[in-house]
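Asker: All chains should be built: construct the whole structure from the sequences, respecting the hints.
Protein chains in written order, with this note's numbering: chain A, 113 to 683; chain B, 2 to 282.
Mixed in with the good hints there might be a few duds.
The calculated lysine-lysine pairs, modelled on DSS-like cross-linking and capped at a C-alpha distance of 25 Å, are [claimed, not checked]:
1) A:LYS632 x A:LYS661
2) B:LYS30 x B:LYS183
3) B:LYS9 x A:LYS504
4) A:LYS504 x B:LYS6
5) B:LYS204 x A:LYS115
6) A:LYS277 x B:LYS127
7) B:LYS204 x A:LYS267
8) B:LYS127 x B:LYS204
9) B:LYS282 x A:LYS138
10) A:LYS115 x A:LYS254
11) B:LYS175 x B:LYS141
12) A:LYS566 x A:LYS512
13) A:LYS267 x A:LYS254
14) B:LYS265 x A:LYS348
15) A:LYS512 x B:LYS9
16) A:LYS512 x B:LYS6
17) A:LYS277 x A:LYS138
18) A:LYS633 x A:LYS577
19) B:LYS204 x B:LYS183
20) A:LYS496 x B:LYS265
21) A:LYS632 x A:LYS577
22) A:LYS303 x B:LYS175
23) B:LYS282 x A:LYS268
24) B:LYS204 x B:LYS30
25) A:LYS115 x A:LYS303
26) A:LYS296 x A:LYS254
27) A:LYS254 x B:LYS30
28) A:LYS267 x A:LYS216
29) A:LYS348 x B:LYS282
30) B:LYS204 x B:LYS217
31) B:LYS175 x B:LYS9
32) A:LYS564 x A:LYS496
33) A:LYS226 x A:LYS268
34) B:LYS6 x B:LYS183
35) A:LYS564 x B:LYS265
36) A:LYS138 x A:LYS216
37) A:LYS566 x A:LYS496
38) B:LYS265 x A:LYS504
Derived from the structure by calculation, the hints contain no laboratory data. As the structure is a prediction and not an experimental result, all values here were calculated from the model.
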Amino acid sequence: MIKSIEWKVGGQQGEGVDSTGEIFAKTLFRYGYYVTSYKQFMSRIKGGHTNYKIRATQERTNYAGEQLNILLCLDQETLQVNEHELADGAVVIMEGDTSVRAEKHYTIAAFPLKKLATELGNALAKNMIALGISGALIGLPKEEFFLFIEDVFEKKGEQVILSNKAAVEKGYELVAQHLQHLVKPLEHVQKQDRLYISGNEATAFGSFMAGCRFLSAYPITPASEIMEWLSAQLPKVGGTVMQVEDEIAGITFAIGAAYAGARAMTSTSGPGISLKTEALGLAGMSETPIVIVDSQRSGPSTGLPTKHEQSDLQHMLYGTHGEIPRIVLYPSTIEDAFYIAAEAFNLAETYQCPVFVALDLVLSMNKTTVPPFDSTRVPITRGKLVTEEEAKSYGEHIFKRYRFTDDGISPRVLPGTAGGVHTASSNEHGEDGYITEDPEIRTQIMRKRMEKIKTAAIQNPYYSKNEDADVILVGMGSTRGIIEEALDVFEREGVRVGHVQIQQLHPLPIDRIAPILTGKKVISIENNYEGQLLNWLKQHLPIHSNAHKITQYDGNPFVLSRVIQEVRELI
Amino acid sequence: MATVKDFKGDSSTWCPGCGDYSVMAALQKAAVNLGLEPHEIVTVTGIGCSSKISEYMRTYGFHTLHGRSLPVAQGAKMANPNLKVIAAGGDGDGYGIGLGHFNHAVRRNIDITYLVMDNQIYGLTKGQTSPRSNHGFVTKTTQKGNKEYPVDPLSTAISNGCTFVAQAFSGDVKGLTEIIEKALEHKGFSLVNIFSPCVTFNKINTYDFFREHLVKVDEPFHTREEAIQIIKQQQGLLTGILFVEEREDFQEQLGIDWNMLAVKEGSMDEGQLRSFETLFK
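Answerer: Here it is in structure tokens:
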């Protein structure tokens, strides 16, 4: 009995790689396994190698692994590209005349999948035969597939369901006839009430549950799914998504909607953030609460549009001319993407400023298993939003929208409210919103704006483990999974290493992380050239003398073996 | 009932004689005539002399970025359809940096009114050529005469499907007020391009120039083709409501039960959370 499995399907884009991966992942997920996936694709519609990797485990993990037990090749290139990941004893399934042969440290099992599928009356079902083979190789009851097929193809009718079931059945037969000696059954586990969800979906869902009712955006990889999911779901609750003419309209529509009182957001990637930076300043200056999701990809410029990177950090921290208050959050797991997206709306409204939710391609596009979300963990708070009665009680002809207060946060009133009439402004302004160039007012209101966010904090501004270790690995976003795995490896070797994954980048929770990092060997692990996170930490903490970075910016996420090796060289 | 006085905001810094004074007066009068209260109106502006109208008018105002009044205004209207939303700015703001947004706002048909104070020059930056400056127009940046031809906002709007297109003149406050009233009442996107002379920098397109050249149109044209043809014939020197089409606005087309502002403090909706979670099982 095995307790985990790593599986991958690869082929040309447009060959059904994604749907095949999705079906297998979801089948394992429904069987009760914890599934983490990793998708690799190119910036084109058809052609070019693409693959879908799955790691199914009994314990929770945030890393899709790098030791394949089964590789399903829908084209010749798949074996070539992925051979280095094959574990000892792996099985490679491919198209060809029926044969089973040992190769190096793995076995190649070839079957005439296309021909067999055609014989069954549905040439498209060749991938289902291959899935049947995959399932049989790990002793998965075929009923698990059948349940899923019934679900997925319900709308397509009985005939489609039957032909797909027959194809899966064929796969099981082929294993029984030719590969029985290679079957390694996966241990049966208790089915769990869990979700299988991507980072983009979790971000969209968290926003939705926090009461976001308006998203305006422009399509861009890898953020588009956020817009797509909300497009389908928001109208059900009286909200809407607008796909607007450009990135500038994406943010300015959201600013208009937020000004008028909706919880509003825009989602994009680095190139979009570049275009949005002017309006980012507007949100900061006018104290308009908006949420901006930056699902990062490889830059600069158009860079590698479908590849992973974590290089927009400085952009989010400093972007726009002049200085504005801003909050920058960066969930490190798909589960946290839900809660942090929800918290982002609370912070935006409480502190009346733009809030970034940073994602990266790996976190955005891949899926994992998470427990059902907790509806009580992030209560909705709308900040100092005044009612008509309160607004009238001020008795002002022009409501002082930017009123000086002890905490720097002014009562906010929505258009349409009698007693609250005022002008919000992109120009420097006084308490009433009217333009001013008075140096004293400028100084005071600048200080108010900048300092109001000092107390901003999310529930888990960072994740940490082994805080007292002498060596601390730090990271942000999706590198959490790989660093967790690295810690496990070191622990097995008896080497004590700590881990801090920062989830609130600005304002940085200095008081809490300073005691963990000061006086230690700090090694940051980041997917960018400069070591942007480490540079940011160095600005705030006295860690210069013993700080190191491990960076990778080739478009792909880290693999565990490399991280282990490089950390080992540094400690 | 609000009076014109209720619509007065900050004191203005416009030059004496600026056409924008009349635009503001007409807008205030139109609002009063329609029985609107200052808190029911949102005036969203871009950047430039005319964009300061959001400060000088006493309504909810949002003085935004150069060329971005339209997307901000549309976003505000999307969030709260009960607001009367006006976008305003100059020809540089709207037809230069904002031309892309203009075309999309026109074809989208969200129910807002767009007032463009067209002085055919850049005033606040002290006299450079604008997208509405005539061919051959001499400015600090076109010392040998403008080599470009002006944007035609009327034909552009009409050909892109605008449902209300009008042009007016600051020198005729009565006519301007009537047109703005009609524009505010129109359901859908309404454009009012207003010749609003810059008395400081534009010595060609003056009040006298417009009094001499403008031709009044009494009835809107029946077809878009006819409207475009006559606008071309008259070199755009027309006033009046030029084209109107009754069509469902963007929000009506969505046909959803509007509920954007209903976010309440407290826990997330447990029932909703569980029901949407089924999408991920």
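Asker: If a hint holds in the structure, say so; if it doesn't, say that too.
Answerer: Now the hints, each set against the structure:
{"no.": "1", "hint": "A:LYS632 x A:LYS661", "verdict": "14 Å, holds"}
{"no.": "2", "hint": "B:LYS30 x B:LYS183", "verdict": "12 Å, holds"}
{"no.": "3", "hint": "B:LYS9 x A:LYS504", "verdict": "19 Å, holds"}
{"no.": "4", "hint": "A:LYS504 x B:LYS6", "verdict": "19 Å, holds"}
{"no.": "5", "hint": "B:LYS204 x A:LYS115", "verdict": "84 Å, violated"}
{"no.": "6", "hint": "A:LYS277 x B:LYS127", "verdict": "75 Å, violated"}
{"no.": "7", "hint": "B:LYS204 x A:LYS267", "verdict": "70 Å, violated"}
{"no.": "8", "hint": "B:LYS127 x B:LYS204", "verdict": "13 Å, holds"}
{"no.": "9", "hint": "B:LYS282 x A:LYS138", "verdict": "8 Å, holds"}
{"no.": "10", "hint": "A:LYS115 x A:LYS254", "verdict": "18 Å, holds"}
{"no.": "11", "hint": "B:LYS175 x B:LYS141", "verdict": "35 Å, violated"}
{"no.": "12", "hint": "A:LYS566 x A:LYS512", "verdict": "22 Å, holds"}
{"no.": "13", "hint": "A:LYS267 x A:LYS254", "verdict": "21 Å, holds"}
{"no.": "14", "hint": "B:LYS265 x A:LYS348", "verdict": "17 Å, holds"}
{"no.": "15", "hint": "A:LYS512 x B:LYS9", "verdict": "16 Å, holds"}
{"no.": "16", "hint": "A:LYS512 x B:LYS6", "verdict": "20 Å, holds"}
{"no.": "17", "hint": "A:LYS277 x A:LYS138", "verdict": "16 Å, holds"}
{"no.": "18", "hint": "A:LYS633 x A:LYS577", "verdict": "15 Å, holds"}
{"no.": "19", "hint": "B:LYS204 x B:LYS183", "verdict": "31 Å, violated"}
{"no.": "20", "hint": "A:LYS496 x B:LYS265", "verdict": "13 Å, holds"}
{"no.": "21", "hint": "A:LYS632 x A:LYS577", "verdict": "14 Å, holds"}
{"no.": "22", "hint": "A:LYS303 x B:LYS175", "verdict": "75 Å, violated"}
{"no.": "23", "hint": "B:LYS282 x A:LYS268", "verdict": "20 Å, holds"}
{"no.": "24", "hint": "B:LYS204 x B:LYS30", "verdict": "29 Å, violated"}
{"no.": "25", "hint": "A:LYS115 x A:LYS303", "verdict": "15 Å, holds"}
{"no.": "26", "hint": "A:LYS296 x A:LYS254", "verdict": "15 Å, holds"}
{"no.": "27", "hint": "A:LYS254 x B:LYS30", "verdict": "76 Å, violated"}
{"no.": "28", "hint": "A:LYS267 x A:LYS216", "verdict": "45 Å, violated"}
{"no.": "29", "hint": "A:LYS348 x B:LYS282", "verdict": "19 Å, holds"}
{"no.": "30", "hint": "B:LYS204 x B:LYS217", "verdict": "23 Å, holds"}
{"no.": "31", "hint": "B:LYS175 x B:LYS9", "verdict": "19 Å, holds"}
{"no.": "32", "hint": "A:LYS564 x A:LYS496", "verdict": "13 Å, holds"}
{"no.": "33", "hint": "A:LYS226 x A:LYS268", "verdict": "22 Å, holds"}
{"no.": "34", "hint": "B:LYS6 x B:LYS183", "verdict": "22 Å, holds"}
{"no.": "35", "hint": "A:LYS564 x B:LYS265", "verdict": "24 Å, holds"}
{"no.": "36", "hint": "A:LYS138 x A:LYS216", "verdict": "31 Å, violated"}
{"no.": "37", "hint": "A:LYS566 x A:LYS496", "verdict": "17 Å, holds"}
{"no.": "38", "hint": "B:LYS265 x A:LYS504", "verdict": "21 Å, holds"}
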